[in-house]
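Asks: Residue numbers (our numbering), protein chains in the order written: chain F, 851 to 980; chain L, 106 to 463.
Each hint can be trusted.
When the alpha-carbon atoms are kept at most 30 Å apart in a straight line, the in silico DSS-like pairs for lysine-lysine are as follows: (1) L:Lys324 / L:Lys184; (2) F:Lys890 / L:Lys291; (3) L:Lys331 / L:Lys434; (4) F:Lys890 / L:Lys324; (5) L:Lys184 / L:Lys371; (6) F:Lys904 / L:Lys291; (7) L:Lys291 / L:Lys324; (8) L:Lys371 / F:Lys904.
According to the in silico footprint, chain L covers these stretches of chain F (three or more CB under 8 Å from chain L): (9) 865-872; (10) 875-884; (11) 892-905; (12) 924-933; (13) 936-950.
By construction, these hints were calculated from the structure, which means they are not laboratory data.
What you are looking at is a predicted structure, and each value in this text was computed from that prediction instead of being measured.
Virtual Cβ for every residue (Gly too), placed ideally from N, Cα, C.
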Amino acid sequence: MAEKQQAMDPLAMWREWVAQSERQWNAFLNQAMATDEFSKAMGRFMDFYLNLQKGMNETMGRYLQLVNMPSRQEVLGLGERLSAIEERLGRIEGMLARGAEAEVSDPENGVSPVNRPARTKQPPSRGNDA
Amino acid sequence: MSAPAGETSIEARVRMEVERAIQRSIKGLEYISTGDPAVGLTPKDIIYRRGTLQLYHYRPQTDEVYRVPVLLVMSLVSKPYILDLAPGQSLVEFLVRQGFDVYMIDWGVPRPEDARLRLEDYVLDFIPDCVGRVLEDSGEEELSVVGYCMGGQLSTMYAALHPEGPLKNLACFTTPVDSDGMVLFKRWLDPRYFDVDRVVDTLGNVPPELIYASFDMLKPAGRVAKNIQLWDNLWNDDFVRSYRLFERWAADQIPFPGECFRQFTKQFMWENRLVRNEFEVGGRRVDLGAVKVPFLHVVAEHDHIVPYDSARPLVSLIGSEDRREVMLKGGHVSLVAGGNAVYRLWPQLESWLAERSV
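Let the sequences and hints guide you as you build the complete structure.
Replies: See the structure below:
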């Protein structure tokens with residue numbers, strides 16, 4: 851009955867057509883993209899893109915040098931040094947946090963480290979699942 | 106929207122379509138005028154930072170948790186919030202509510218200077234470092250690792266190169282090991298036409314636009330069909346919400362660290378070394394047979410990014426006696442975060458992990 855209703859529903863038929871067309875187009879284009887010619891064309895496009903990028907990098911580098919501005923490499927160098935400082939700060943912060951936690955938690959005097967749930971949970975038994 | 110009794114089905118149908126057409130116009134304006142939906146909302150703390158890397162600890166929401174903590178490892182080319190998309194559509198939220206103590210590595214967005222990061226940095230340094238932090242934070246001596254896609258590859262390499270522990274369980278989702286099964290990617294990265302050295306030397310990190318375009322090209326007609334589907338369902342708030350979440354994530358690609366891409370292209374895509382146990386990380390051979398911990402591999406039946414042929418050999422290469430592969434309906438992304446993941450992947454993972462987490 852439901853099938854009959856769907857067969858008479860133009861919108862359901864349209865949706866099915868869209869889904870089928872997508873599948874067919876994907877299959878067709880994927881087949882075309884799996885050829886040697888396509889890989890070659892992609893390689894050529896990549897070459898063009900990389901040449902463009904390289905040319906732009908060089909031109910921009912020369913321009914920045916001319917106007918006495920730091921180059922990309924120099925900015926990256928600064929970024930790296932900043933990252934190293936961040937990392938060191940992180941380590942110090944971590945050590946301080948661990949030290950503070952150790953001070954607060956004193957199991958001998960009944961002070962629990964951090965208020966966390968007990969790690970005692972058991973998996974639901976098969977009997978409970980049923 | 107249901108028709109009053111007595112109306113013919115054709116009248117009811119016309120009425121419904123008119124209502125939907127009106128709703129499409131109203132909601133279409135809403136769709137254009139509102140911003141991206143919020144993602145990654147499960148409450149968490151950042152317990153460790155290193156460069157762009159952040160290690161999250163999700164706040165427990167149950168009175169007791171399983172003894173063994175779980176560390177989620179994400180791919181290098183996608184943002185990790187796909188695993189914590191939105192309330193009700195979040196694997197992380199689900200695991201936390203089931204009583205797991207959940208941690209996640211967010212690799213962050215690689216900076217230009219991260220182009221020099223190699224696979225050994227991830228497998229032999231960052232992951233072990235995060236594992237150590239998780240053990241320290243949880244007070245436990247072992248943990249489970251769950252890796253998604255390329256995160257599964259990193260996790261498997263980590264497991265193979267650290268057979269002494271402290272790994273207790275390893276679960277991977279849609280993890281490729283045989284590049285011969287990734288026909289299109291393999292074609293596009295054909296060494297005769299694709300000069301990976303020149304790409305990395307010129308660009309540093311591989312731009313996210315290239316990665317996005319390559320994923321899109323796997324289903325070239327998909328974008329048009331998706332837009333038609335969106336228009337058809339604009340009246341449906343749940344559909345639109347879900348669509349926006351997934352589209353936001355799909356478009357939110359991150360650069361692939363250059364050196365890593367070079368190694369990955371040569372060793373995995375060109376020479377297909379992982380499946381032959383000849384992959385090298387930091388001069389050490391990755392022998393998947395060295396993974397002896399309980400292992401679960403979940404694959405998607407309609408995965409167009411990691412086709413089954415490329416994922417199938419993994420389970421047989423693993424050296425563990427307790428190993429299992431589960432194939433579920435769905436695609437690469439819908440496997441972990443789609444509406445059906447709630448009924449398919451999540452319960453499977455929960456039951457597998459629960460009995461191995463005490």
